[in-house]
Amino acid sequence: MKSEYDVIVVGGGPAGSMAARFAAEQGVSVIMLEKDRDIGYPVRCGEAVSKAGIEEFIKPDDVFISTTIDKFAMISPDGTEVVIPLEQSGFILERRIFDYELAKQAASYGVEIITRAYVNGLIIEDGKVCGVKYEYKGEQQEMRSKVVIAADGVESRIGRWAGIKTHIDFRDMESCTQVTAANIDVDSSTLYFYFGKDVAPEGYFWIFPKRNNSANIGLGVSGAIGKKTSSQTYLNKFMSEHYPNAPILTKIAGGVPSSITLEKISAPGIILVGDAARQVNPLSGGGIVSGMIGGKIGGTIVGEAIKQNNLNHILTYDKAWAERLGKRHEIFGRIKDTIYNLSDEKYNSIAHAISKVPMQKRSLGNVFKIALFNKPSLLIDIAKVFLIK
Amino acid sequence: MLLIDIIPNKCDFCGCCVGVCPEDAIELKEAEIKIDENLCTNCSKCVWACPIEVLKFNKERLVNKNR
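Respectively, the protein sequence lines represent chains Z and V. All residue numbers for the first sequence refer to our numbering, where the first residue is 1 and numbers rise by one. All residue numbers for the second sequence refer to our numbering, where the first residue is 390 and numbers rise by one.
No lab work stands behind these hints, which were simulated from the structure alone. The beta carbon of each residue, even a glycine, is placed where N, CA and C say it ideally should be. Keep in mind that the hints are not guaranteed to be accurate.
[Stated by the list, open to error] Which bits of chain V does chain Z cover? Going by a derived footprint, with three or more residues having C-beta under 8 Å, they are:
hint : region
1    : 394-405
2    : 409-421
3    : 438-451
[Claimed, not checked] Pairs of lysine-lysine, BS3-like flavour, derived with a Cα cap of 30 Å:
hint : chain 1 : residue 1 : chain 2 : residue 2
4    : V       : Lys-448   : Z       : Lys-264
5    : Z       : Lys-133   : V       : Lys-448
6    : Z       : Lys-336   : V       : Lys-448
7    : Z       : Lys-237   : Z       : Lys-227
8    : Z       : Lys-251   : V       : Lys-423
9    : V       : Lys-418   : Z       : Lys-369
10   : Z       : Lys-356   : V       : Lys-423
11   : Z       : Lys-2     : Z       : Lys-197
12   : V       : Lys-448   : Z       : Lys-128
13   : V       : Lys-423   : Z       : Lys-346
14   : V       : Lys-448   : Z       : Lys-227
15   : Z       : Lys-264   : Z       : Lys-356
16   : V       : Lys-399   : Z       : Lys-264
17   : V       : Lys-423   : Z       : Lys-137
18   : Z       : Lys-137   : V       : Lys-448
19   : Z       : Lys-264   : Z       : Lys-71
[To be verified] Here are a few chain V residues that sit away from chain Z, every Cβ distance over 10 Å (derived from the structure):
hint : residue
20   : Met-390
21   : Leu-391
22   : Glu-426
23   : Asn-427
24   : Cys-429
25   : Asn-431
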């Protein structure tokens, strides 16, 4: 370990590993600092991704793929279940292994990695971030850099220290709890989504199947709901009603920043990627692939900036992100606000309407069209993101 | 005076509280969560965002203080 690198990446999740890899690919020196003992642990996630999404970064491999998904089931408050084939298949990952593989990929491009390095401050000189202060093996230390990439997750503080507003409204924080349980008899190629105010108000409850009859079962609730009833209360209620005797293999909590991307994700000497930048799809809550894309765009721009000796180039990252995904997330945000505020009666009527559509004509785009029939302005948004390929 | 209590040994270190704290008053290390009482304004957003009820607003402490 040196005392100075071209790039310091803080955080060893998917966004951090991809930022590190793509910066290193430009031929600059990169170190990635992870605060926990292990890359990929603790898992704080439902682990669902689209196949096409991860293929941009890594070849799908059974080592980190638990199950392959090709259907979506919607369960309405009155118990009506409708199955919709997905046009693009997906995976439920083993995040512990997946994150490891991504970090190893970064390492193969020359990235240095250390774990248990806890960043607790920035070195800022003349208004520019010039490195990090961190605790490692019980000692307070400093490391200098040309650019810091903050990939420090939902609990990100690094951006704030650089003067970027990163905290999000409590109503935009989806507070999640999830169990991975055994003996769950569900179809292993279907994602199950439950809707309604009793199971998951203003959000959805999920069952994502994993290998050998196990499944991730959980939900997220916004802080507005959490003010009265916690996420854990809803999960316990669901489990006692549906799977009272299921052995629990893991129980986790996690936070999904479901707002659109922060207004500003770069500043002199620093950029933010992944959950730290709030690069999460607000509609699905999915952040793995979008974080990796943020990491790729950010890492590449940072690498180029250093190679060209033009550090101002990193400020073009905001626009590059907005064009690739940021603007799309704004559309998803608008759809989300309507979809998750539908009444139980409306969810029921949507499920009943879909059940009358022949299986081969069902698609997610059609579901949204039915759901938002009375909102012509949103139908245009739906067409933009689901129907125009 | 800090009115937010952290129930010991209950936290799963998910980071929801840190993400919503407007004051940057919460620190989350590998297996340790701390609230800086000099920065905390007792706004309670962290309490509402906590998925597993680790953080509690301690009303009694407020009552005792006002007595």
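Hints, one by one, checked against the model:
{"no.": "1", "hint": "394-405", "result": "holds (count 5)"}
{"no.": "2", "hint": "409-421", "result": "holds (count 8)"}
{"no.": "3", "hint": "438-451", "result": "holds (count 5)"}
{"no.": "4", "hint": "V/Lys-448 with Z/Lys-264", "result": "37 Å, violated"}
{"no.": "5", "hint": "Z/Lys-133 with V/Lys-448", "result": "37 Å, violated"}
{"no.": "6", "hint": "Z/Lys-336 with V/Lys-448", "result": "35 Å, violated"}
{"no.": "7", "hint": "Z/Lys-237 with Z/Lys-227", "result": "18 Å, holds"}
{"no.": "8", "hint": "Z/Lys-251 with V/Lys-423", "result": "22 Å, holds"}
{"no.": "9", "hint": "V/Lys-418 with Z/Lys-369", "result": "45 Å, violated"}
{"no.": "10", "hint": "Z/Lys-356 with V/Lys-423", "result": "54 Å, violated"}
{"no.": "11", "hint": "Z/Lys-2 with Z/Lys-197", "result": "54 Å, violated"}
{"no.": "12", "hint": "V/Lys-448 with Z/Lys-128", "result": "43 Å, violated"}
{"no.": "13", "hint": "V/Lys-423 with Z/Lys-346", "result": "43 Å, violated"}
{"no.": "14", "hint": "V/Lys-448 with Z/Lys-227", "result": "15 Å, holds"}
{"no.": "15", "hint": "Z/Lys-264 with Z/Lys-356", "result": "46 Å, violated"}
{"no.": "16", "hint": "V/Lys-399 with Z/Lys-264", "result": "34 Å, violated"}
{"no.": "17", "hint": "V/Lys-423 with Z/Lys-137", "result": "20 Å, holds"}
{"no.": "18", "hint": "Z/Lys-137 with V/Lys-448", "result": "39 Å, violated"}
{"no.": "19", "hint": "Z/Lys-264 with Z/Lys-71", "result": "36 Å, violated"}
{"no.": "20", "hint": "Met-390", "result": "22 Å, holds"}
{"no.": "21", "hint": "Leu-391", "result": "19 Å, holds"}
{"no.": "22", "hint": "Glu-426", "result": "17 Å, holds"}
{"no.": "23", "hint": "Asn-427", "result": "16 Å, holds"}
{"no.": "24", "hint": "Cys-429", "result": "13 Å, holds"}
{"no.": "25", "hint": "Asn-431", "result": "14 Å, holds"}
Violation of the numbered hints given earlier is confined to hints 4, 5, 6, 9, 10, 11, 12, 13, 15, 16, 18, 19; the remaining hints are satisfied by the structure.
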